[in-house]
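2 protein chains.
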Amino acid sequence: MKKLSVIKIGGNVIDNSEKLYQFLLDFTALPGDKILIHGGGKIASELGATLGVEAKMVEGRRITDIETLRVVTMVYAGLINKNMVAQLQAKGCNAIGLSGADGNVIKAVKRPVGEIDYGYVGDLDASSVSTATLSTLLNAGMVPVLCAITHDGDTQLLNTNADTIASAVAVAMSSLYETSLVYCFEKRGVLRDIDDDRSLVNEIKLEQFETLKNEGVVSGGMIPKLHNAFEAIKSGVSAVYIGKADELPQINGNNFGTRLIK
Amino acid sequence: MKKLSVIKIGGNVIDNSEKLYQFLLDFTALPGDKILIHGGGKIASELGATLGVEAKMVEGRRITDIETLRVVTMVYAGLINKNMVAQLQAKGCNAIGLSGADGNVIKAVKRPVGEIDYGYVGDLDASSVSTATLSTLLNAGMVPVLCAITHDGDTQLLNTNADTIASAVAVAMSSLYETSLVYCFEKRGVLRDIDDDRSLVNEIKLEQFETLKNEGVVSGGMIPKLHNAFEAIKSGVSAVYIGKADELPQINGNNFGTRLIK
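Protein sequence lines, in the order shown, are assigned to chains A and B. Per the numbering used here, the first sequence starts with residue 1, numbered consecutively. Per the numbering used here, the second sequence starts with residue 1, numbered consecutively.
Quick caveat, the hints were computed from the structure, so don't treat them as lab data. Heads up, some of the hints might be wrong.
Heads up, the list lumps identical chains together, so a pair's fine if it works in one copy or across two of them.
With a cut-off of at most 16 Å between alpha-carbon atoms, the simulated EDC-like pairs for lysine to aspartate or glutamate come out as follows [what the hints assert, rightly or not]:
id	residue 1	residue 2
1	K19	E186
2	K56	D163
3	K187	E207
4	K244	D195
5	K3	D117
6	K91	D154
7	K107	D197
8	K107	D154
9	K91	D152
10	K56	D117
Excised from the complex, chain A in its bound form (with noise of 0.2 Å):
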């Protein structure tokens, strides 16, 4: 099986152009297939602000009303999209950007309305996932990068969490490919103590899962985190990393992060 790397960035990268720049070289030289999956950052909300449509949130969840999805989708797919592809270009990594709409990458379903209405907001599995699409550009040597904006294949787009689509994306793929998926967010990966860079935990077994939220070692917001970081090991992703971006480059030699495996 032909290997595949499903890389998510988040805000932290997006919002900082030298970071962006150091990142996208990094990623252009990862030898073998792979797929770019970017967050939104900042910018959305600078827009918003200036345009009047004012950021709601219900319980510390984003709401997204229909002046909020015009606003992400421009930046997200627009912006953001846009420039971090020609940006790839330039670098020779052959890019090709991607909303959930285009080529039907991902039909999600929007959120149904309970105790809160999240607006247009997409949820997806591995099933909302075009391998086909996917596939196609992969063999013809392209790469593509996925937005955070998602269709429902009756013409609404749909502001989508870019976690849950790299983790969907990461399980449908590995039917085809022995498939990674890469996590880059602030922190090394996992650490023993918060505020030590160098209490890096370096690779958690599932069986060990368990054990390291016991001993505190995984709290907080890393406990869903990994939680669905091996909900997709279960389902057939090789490994999960979670890391600092600006480390990429040493996941070739498996010293990137922590790496979840099974």
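Once you've looked at the hints, dock chain B against the given chain A.
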């Protein structure tokens, strides 16, 4: 040789949601391989005005400064392109939206600064078009939908005339396909009497062009339009059609607008 239709629609259709709906339905129904190229419409100017980005014109030509480029990238490549793709997908057309940077599909050159500095505007010809990327997508059953943003291959996005993109794409693809180029605009085509829709000229051969110019049947803004169309024909395009978007289905009976041939 397989047949290919390269179809360009302008702002007058994009700005009118009912017209756009019908056009996308008619476009979906067109048989054979096809590529859609769309212009901008009023939305970019409106967003620019809201953001305090003034439209700058010199001698009737739009100047694209860096702020304007941001706006058109958001609106053309984000808002318009992705909504159009989502609508086409809902109608069963496997559309894939592209800027020129995506898959390096159109690498333009920033217009040299002469008496006027046009800013971030791209010039291109048929050699700017990646027929490889377009063929890959078409062969996989996808329908490329190109917006009027290109790149220079060195990180810079560029605002580009959609008519010129359509013509360059048609000429480039005519090496691989029997290619028709279709311009949809406000009028039914070339009219002998501009106020009488029934005075449509059905067909103009290259050799008749000079005569029609001398007779005044072709005048004003129509002259450069037809000149460019005939240049495309001289460069390999089989036929160029100029007509009204809502009459597009008639192209199957070879009864759409004015048909230009060799």
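Going down the list of hints, with the structure as the test:
1. Taking the shortest alpha-carbon separations for K19 and E186, only the intra-copy value of 12 Å comes in at or below 16 Å, while the best inter-copy value is 47 Å.
2. Taking identical chains as interchangeable, the C-alpha atoms of K56 and D163 are never at most 16 Å apart, the minima being 21 Å within one chain and 40 Å between chains.
3. When the C-alpha separation of K187 and E207 is checked against a cutoff of 16 Å, the pair qualifies neither within a copy, at 23 Å, nor between copies, at 70 Å.
4. With identical chains, the CA atoms of K244 and D195 are at most 16 Å apart within one copy only, with a shortest distance of 15 Å there and 66 Å across copies.
5. Taking CA atoms no more than 16 Å apart as the test, K3 paired with D117 passes in neither setting, with 40 Å inside one copy and 48 Å between copies.
6. Taking identical chains as interchangeable, the C-alpha atoms of K91 and D154 lie at most 16 Å apart only when they sit on different chains, with a minimum of 8 Å there against 36 Å within one chain.
7. Taking the shortest alpha-carbon separations for K107 and D197, neither the intra-copy value of 39 Å nor the inter-copy value of 43 Å comes in at or below 16 Å.
8. Taking the shortest Cα distances, K107 and D154 sit within 16 Å of each other inside one copy (9 Å), while across copies they are farther apart (33 Å).
9. Only between protomers do K91 and D152 lie at most 16 Å apart by alpha-carbon distance; the minimum there is 12 Å, versus 34 Å within a single protomer.
10. In this assembly of identical chains, the alpha carbons of K56 and D117 lie at most 16 Å apart only when taken from the same copy (11 Å versus 42 Å across copies).
Checked against the numbered hints listed earlier, the structure breaks hints 2, 3, 5 and 7; every other hint is satisfied.
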